[in-house]
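**Q** Given chain A's structure and the hints, the job is docking chain B onto it.
Protein chains in written order, with this note's numbering: chain A, 1 to 268; chain B, 269 to 536.
Hints in this document: simulated from the structure, not taken from any laboratory. Built from N, CA and C at the ideal position, the CB exists for glycine as well. There's no promise every hint is true.
Some chain A residues close to chain B (C-beta under 10 Å, calculated; not the full set) [claimed, not checked]: (1) Leu53; (2) Leu64; (3) Gln66; (4) Gln68; (5) Leu80; (6) Ser126; (7) Leu130; (8) Phe135; (9) Ala136; (10) Leu140; (11) Cys245; (12) His247; (13) Gly248; (14) Trp252.
Protein chains: 2
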Amino acid sequence: MHFEAAVGHRVSDLSALWQTPSSRAAEPTVQAGLDTQAMGMAPVPGELVTPTLPEGDWPLGRALAQLQGVYILAENAKGLVIVDMHAAHERIVYERLKAQWAAHTPDGTNGDVKDDSASTLPYLRSQPLLIPATFAATPLEVATTEAHATALQVLGLDITPFSGKTLAVRAVPTHLIQGDAVELARSVLAELSQHEANTVIQRAHSELLGTMACHGAVRANRRLTLEEMNALLRQMETTERSDQCNHGRPTWRQISMRELDTLFMRGR
Amino acid sequence: MHFEAAVGHRVSDLSALWQTPSSRAAEPTVQAGLDTQAMGMAPVPGELVTPTLPEGDWPLGRALAQLQGVYILAENAKGLVIVDMHAAHERIVYERLKAQWAAHTPDGTNGDVKDDSASTLPYLRSQPLLIPATFAATPLEVATTEAHATALQVLGLDITPFSGKTLAVRAVPTHLIQGDAVELARSVLAELSQHEANTVIQRAHSELLGTMACHGAVRANRRLTLEEMNALLRQMETTERSDQCNHGRPTWRQISMRELDTLFMRGR
Numbered sequence: 001m002h003f004e005a006a007v008g009h010r011v012s013d014l015s016a017l018w019q020t021p022s023s024r025a026a027e028p029t030v031q032a033g034l035d036t037q038a039m040g041m042a043p044v045p046g047e048l049v050t051p052t053l054p055e056g057d058w059p060l061g062r063a064l065a066q067l068q069g070v071y072i073l074a075e076n077a078k079g080l081v082i083v084d085m086h087a088a089h090e091r092i093v094y095e096r097l098k099a100q101w102a103a104h105t106p107d108g109t110n111g112d113v114k115d116d117s118a119s120t121l122p123y124l125r126s127q128p129l130l131i132p133a134t135f136a137a138t139p140l141e142v143a144t145t146e147a148h149a150t151a152l153q154v155l156g157l158d159i160t161p162f163s164g165k166t167l168a169v170r171a172v173p174t175h176l177i178q179g180d181a182v183e184l185a186r187s188v189l190a191e192l193s194q195h196e197a198n199t200v201i202q203r204a205h206s207e208l209l210g211t212m213a214c215h216g217a218v219r220a221n222r223r224l225t226l227e228e229m230n231a232l233l234r235q236m237e238t239t240e241r242s243d244q245c246n247h248g249r250p251t252w253r254q255i256s257m258r259e260l261d262t263l264f265m266r267g268r
Numbered sequence: 269m270h271f272e273a274a275v276g277h278r279v280s281d282l283s284a285l286w287q288t289p290s291s292r293a294a295e296p297t298v299q300a301g302l303d304t305q306a307m308g309m310a311p312v313p314g315e316l317v318t319p320t321l322p323e324g325d326w327p328l329g330r331a332l333a334q335l336q337g338v339y340i341l342a343e344n345a346k347g348l349v350i351v352d353m354h355a356a357h358e359r360i361v362y363e364r365l366k367a368q369w370a371a372h373t374p375d376g377t378n379g380d381v382k383d384d385s386a387s388t389l390p391y392l393r394s395q396p397l398l399i400p401a402t403f404a405a406t407p408l409e410v411a412t413t414e415a416h417a418t419a420l421q422v423l424g425l426d427i428t429p430f431s432g433k434t435l436a437v438r439a440v441p442t443h444l445i446q447g448d449a450v451e452l453a454r455s456v457l458a459e460l461s462q463h464e465a466n467t468v469i470q471r472a473h474s475e476l477l478g479t480m481a482c483h484g485a486v487r488a489n490r491r492l493t494l495e496e497m498n499a500l501l502r503q504m505e506t507t508e509r510s511d512q513c514n515h516g517r518p519t520w521r522q523i524s525m526r527e528l529d530t531l532f533m534r535g536r
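Extracted from the complex, chain A is given alone in its bound form:
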């Protein structure tokens, strides 16, 4: 994340805090001490970077707790950090899927794959599920699975018929392992059933990867350990554009001690 560009989320007055964040262009202020690149934390999409900063200097702070299964509360040098868990994870996952995808389409514009392609390498790194996730499928879903085997493979999904009316998800993209495998499979099958496989793959870069990220990211009410929360915060710090979700909403908010003190009418 470029913290110097995320200043719209680090406001110093309360009214602005609760308003729609201004566009980045309108707030070019550089915030000293938060340039992650200068601190040797250049974004490395697609890879988990071990933090090199001491705990006290983590821009997004030390995770304290989960709130109602939706937000992560953290403490940094400035005060309280609130993170929208799902939105942040969705963005991280999306950026990683895009990076893996881009490695297979060097020109960045074409992901052309034939159903009879000799390439069996998935574009998205795949990880088998410990226990396959089965679901009652519609006839269309079963037919789509059979017709678009290569496309599924390219997308890092292993979906096979389990019985006549049941499909089994046996592997999902590594970065989506924390999400709901069935939701993910159904959303991809829905896309595949409506389009030619080629079209879907070509569109993947812009849209399908976003859909997959949404269904593959951690959902609300998933209980995270402090270690998992901290890992997410560190991933946010090293992921491009992680300060906004895929739909442009903020993924985290800073409430400074000064703002809290004002809220409590404390003169310090």
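**A** Chain B alone, transformed into the frame defined by chain A:
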């Protein structure tokens, strides 16, 4: 605490949340489900009441963490609760000191005590310190300690000369055991030195107890366990007027999930 009267701190619109709370009289709205008396949690000043409600129904919620040694973060059914640790504890302690004091002055207007009084019973229940707290005292402080022995006893303080220039605090009021014993002793000695003992004791009900509560309450940067934080929240729930500190500032704030969702532009 009367939660139905604390509605000024449970605002439903953001702008009001960050403004100075309106006076209680201006907001007579009764908030359903938060009447602590109706829930069998009638305030019992001076006593720690074991909560009778299940955890999920605690009005001030379940403690999550401390923030920068100043605030307690808690989660209740509505969302995030932020508590000013010192201000809240100061108020609880103050109400308890007042209750103990009132038991010795049934008419509520007179705490007249002669320095040569036969009564040796402290008005404020006293507790010996495991290790006496010594401090380098001024000659005036030493003289005041000797001249006002009875007044100190009434106030639940045991302060004795340790050497010519050192005083030792050997006991403090039970409710102030978590505070700074030396700060407490010096603030009381400063009052005693400026007034006749009788005057101080008579004023105690309105002012001195407040001073003592301030210096006897937990200070910022004191690390609390989750158990201690939860105990403080439960004490707030059963203490009259604990929603405001002795100076009229709020001791806690509610930030609802709806408000957080608005902050994150989440439509739910």
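**Q** Could you run down the list of hints and mark each one as holding or not?
**A** Do the hints match the structure? See the list:
1. Leu53: violated (19 Å)
2. Leu64: holds (4 Å)
3. Gln66: Since the shortest Cβ distance to chain B is 8 Å, the answer is holds.
4. Gln68: This hint holds: Gln68 of chain A lies near chain B, its Cβ roughly 6 Å from the closest one there, short of 10 Å.
5. Leu80: Check passed: Cβ of Leu80 of chain A comes within 6 Å of chain B, closer than 10 Å.
6. Ser126: Status violated, d = 31 Å.
7. Leu130: violated (31 Å)
8. Phe135: The hint is violated - Phe135 of chain A has no Cβ within 10 Å of chain B, the shortest such distance being about 26 Å.
9. Ala136: Nearest chain B Cβ about 28 Å off; hint violated.
10. Leu140: violated (30 Å)
11. Cys245: holds (9 Å)
12. His247: holds (9 Å)
13. Gly248: Given a least distance of 8 Å, the restraint on Gly248 of chain A holds.
14. Trp252: Since the shortest Cβ distance to chain B is 9 Å, the answer is holds.
Of the hints listed earlier, those the structure fails to meet are numbers 1, 6, 7, 8, 9 and 10, in rising order.
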